[in-house]
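Colleague: Each residue of the sequence shown is one higher than the one before, starting from 1 at the first, in the numbering used here.
Hints in this document: simulated from the structure, not taken from any laboratory. Be aware that one or more of the hints could be misleading.
[As the list claims (entries may be wrong)] Quick list of the computed label-pair ranges, beta carbon to beta carbon:
(1) K37 - Y17: 31 to 41 angstroms
(2) S64 - L18: 18 to 28 angstroms
(3) C19 - A83: 42 to 52 angstroms
(4) M73 - A27: 41 to 51 angstroms
(5) I24 - T71: 15 to 25 angstroms
(6) P85 - P45: 31 to 41 angstroms
[To be verified] Only pairs whose alpha carbons sit at most 27 angstroms apart, straight line, appear in this in silico BS3-like list of lysine-lysine:
(7) K79 - K49
(8) K86 - K74
(9) K37 - K74
(10) K49 - K86
(11) K74 - K11
(12) K86 - K11
(13) K49 - K74
(14) K49 - K11
(15) K37 - K86
Each residue gets a CB set at the ideal place from its N, CA and C atoms; glycine is no exception.
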Amino acid sequence: MASHLVGRRLKAMIEAYLCGQVSIALAYHEQLQPLFKALFSTTNPIPVKAALELNGWPVGSPRSPLLRLNTQMKEELSKILVALPKH
């Protein structure tokens, strides 16, 4: 799920780990941890669809019986996305 949003950062984290740069990989992981938590805050794919829409991807609503992410959770997710370091 997170790879749809931060794929390059996940790749950098994995590459750092595989190169033995564990502290760098851990730093990437810690930067992404708020996003990981937000994406698992409710049933998949609700948060990832909301995050993609916040990033400008018109992915549409989840299929019934699932609903869109509620306003409060969407605002929190938006703050997390904005706070992510730009790479």
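Colleague: Each hint: holds or not?
Modeller: For each hint, the structure was consulted:
1. Roughly 20 angstroms separates the CB atoms of K37 and Y17, a value that falls outside the hinted 31 to 41 angstroms.
2. At roughly 42 angstroms, the beta carbons of S64 and L18 sit outside the given window of 18 to 28 angstroms.
3. At roughly 27 angstroms, the beta-carbon separation of C19 and A83 lies outside the given 42 to 52 angstroms, and the hint is violated.
4. In this structure the hint that M73 and A27 lie 41 to 51 angstroms apart at CB is violated, the actual value being about 27 angstroms.
5. Taken as a hint, the range 15 to 25 angstroms is violated for the pair I24 and T71, whose Cβ atoms sit roughly 37 angstroms apart.
6. Between P85 and P45 the beta carbon distance is about 25 angstroms. The supplied range of 31 to 41 angstroms is therefore violated.
7. Proximity of K79 to K49 is assessed by CA-CA distance (about 16 angstroms); at most 27 angstroms being required, the pair is judged to hold.
8. Distance restraint check for K86 and K74: the Cα-Cα separation of roughly 20 angstroms lies within the 27 angstroms cut-off, and the hinted pair is therefore satisfied.
9. For the hint linking K37 to K74, the alpha-carbon distance of about 13 angstroms falls within 27 angstroms, and the restraint holds.
10. Our distance criterion of 27 angstroms between C-alpha atoms is met by K49 and K86, whose separation comes to about 21 angstroms.
11. Distance hint between K74 and K11 is fulfilled; the C-alpha atoms sit about 26 angstroms from each other, no more than 27 angstroms.
12. Between K86 and K11 the alpha-carbon distance is near 15 angstroms, which keeps this suggested pair within the 27 angstroms criterion.
13. For the suggested pair K49 and K74, the alpha carbons sit about 10 angstroms apart, so the restraint of at most 27 angstroms is met.
14. Distance check on the hinted pair: K49 and K11 sit about 21 angstroms apart at the alpha-carbon level, within 27 angstroms; holds.
15. At roughly 19 angstroms between alpha-carbon atoms, K37 and K86 fall within 27 angstroms of each other, so this suggested pair holds.
When held up to the earlier numbered hints, the structure conflicts with 1, 2, 3, 4, 5 and 6 and fits the remainder.
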